[in-house]
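Fit chain U to the supplied structure of chain C, relying on the hints for placement.
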Amino acid sequence: MTADALPVFDFPVIALHDVTKTYQTGSLSVQAVRGVTLSITPGEYVAIMGPSGSGKSTLMHILGCLDPLTTGSYLLAGQDVSRMSDDELAEVRNRRIGFVFQQYNLLPSLQAWRNVELPLCYAGVRREERRARSIDALQRVGLGDRIMHRPGELSGGQQQRVAIARALVTNPALILADEPTGNLDSTATADVLALFDELHESGRTIVLITHEADVAHRARRTIRVRDGLIEADRDQAGALS
Amino acid sequence: MSWLETLRTGLGAVLSHRLRSGLTMLGILIGIAAVILTVGFGEGAQGQVSSEINDLGSNLLVVSPGSSTATSTGIRGGFGSASTLTESDATALASKTVAPDIAAVAPATSRSETLTTASTNWTTTVVGTTPDWLSVRARSVVEGRFLTQADENSDAAVAVIGSTTAEELFGLRDPIGQTVTVNDLPLTVIGVLNTVGASASSSTTDLDDQAVVPITTVANRIFGGSTRTSVQSIYIEATSSNALSAAYQEATAELDRLHGVSAADADFTIQSQESLLTTATSVDKTLTELLAGIAAISLLVGGIGVMNIMLVSVTERVREIGLRKALGATQRAIRRQFLVEASVLGLAGGILGAGIGLAGAIVLPHLISNPVTISPTATAGAIVVAVGIGIVFGVYPATRAARLAPIDALRGE
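These protein sequence lines map, in sequence, to chains C and U. Residues in the first sequence are numbered from 1 upward in steps of one, following this note's numbering. Residues in the second sequence are numbered from 1 upward in steps of one, following this note's numbering.
Chain C on its own, in the form it takes in the complex (with noise of 0.2 Å):
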């Protein structure tokens, strides 16, 4: 992996500025983030950590655009996204982002090249083209021998690295990453960070939401969310950015 093939921002890849998300569930609305302002430059790794219920989650969804937003604004990679549509939304998230989700979330069905091609599906890229990327993600993740392999072929470990090789297939501005290890031995779970640090290492924004607070420490900042705000937001020396 070469860092000229990295997009390069001299704006953060993420802008939010004071943004609340409410929920209307009958009379009832419950406001799950109330008012979050944070930057995140390009390259950076950060973890997003919370106890249950404070509102990560929610914050994720906004971060990779699968939820409006209540108020305030969103920038991701200089774009504003705050005021999309749905057909616009899922074009941010084809360009401009990669999806691990602790389910893994593969189609069964397909073999493991062609789960990695299907952001590019998406994206209008030739069949020609798609296969040849797919391949090459695979093959950074390691599993180069297992390209046309089922998930149900493939162990826990094996299928979060096609996911990531499937998040990476794109070359998107941002890896958003919602508990990756949650579902993983503690071998797994090595590899699979062994392989985030790789990433950053070679320039990727990487934001990675756990409550597992060993995979947090991997990350070089880490912000607490709790009731819906940051509560803390520390580089690994323990500095507040």
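Calculated from the structure, these hints are not laboratory results. All of these numbers come straight from a predicted model, not from anything done at the bench. In this text, a Cβ means the ideal position worked out from N, Cα and C, and glycines have one as well.
Beta-carbon label-pair distances, calculated as ranges:
{"#": "1", "chain 1": "U", "residue 1": "Leu300", "chain 2": "C", "residue 2": "Gly142", "range": "53 to 59 Å"}
{"#": "2", "chain 1": "U", "residue 1": "His17", "chain 2": "C", "residue 2": "Gly182", "range": "26 to 32 Å"}
{"#": "3", "chain 1": "C", "residue 1": "His17", "chain 2": "U", "residue 2": "Arg18", "range": "50 to 56 Å"}
Frame of chain C; chain U shown alone:
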């Protein structure tokens, strides 16, 4: 996502649930097979009818006395009961100036009579008519000759007999020149009509069993009485099958004028062979319509089955839909994916149904007497309809899938 890619995804989804997809297709399959058989059955019956029409002369109109519809006074003359038609009516209709679309006219009077030869007798229909009868009824003479104007003018005691009649009376002997006696009048057989075969639709008269005699001979020397001037029917041959309705109108107008009646009080009825045969095959038609109804209901049920399974599929694949949306699928891409899946179900059901329908169309005529015509248009149409059903009943599930929010979809277990 390209169409080809979407199609591959749709096929994959259908193939990954073989049993379920198979059962869903079954509904459409039965419907399409039923449609093809029904259409084949209907067209077979139609083909039979039109070949009979051609046998009888496709340009034929038949005028009968009396009217089967109520007149303005509320009195029904009774179809065929009155004796209001005369030979002069026939002569008037034959005029080119009055009715340019009428090619030929033949009045006819018939009655069941016993024909006697030296050795045997045979009861048949004796038809009194004019020389034009031969062309009007689209018949020909295979042996001897038909009636001539001279026979008619001289009340000649001659007869042209059908092939069945000839066989019954004379066996293998040559009937030409033989003598048959009707009501004490000896008639010389001068010709034998061609064989047309028994007609299913006009079972009351066997067209091969009759004796055709000059109308003047019948009126003056055989039947006598009131039949002297009135005729039972007038056969009209239109110049072409396209001129049939024009001929019908000319004949109606002329007869209204001659009889001094308005159209509502008409004392005659004009029918085409087609309408006679249509009535005769109306039972077939009812059956065909019933089958078509069942086929349509079956297709509807098949469509509902597709919708049902597609809805189940959407619910079951909420995570997949969420993932695809997270990875950048637009609403349109998701909708298209599920629509393609539904139409693949429809198409597969349609093709298999067409196959079974065609197999049925080949096998069925061996089991029942009715002919079944295979119609390529109907088969192609049925497959198109099957795909259409897949699409129509797939729209709602596909739209539901497309509208799922990616976050709700990803959360769903």
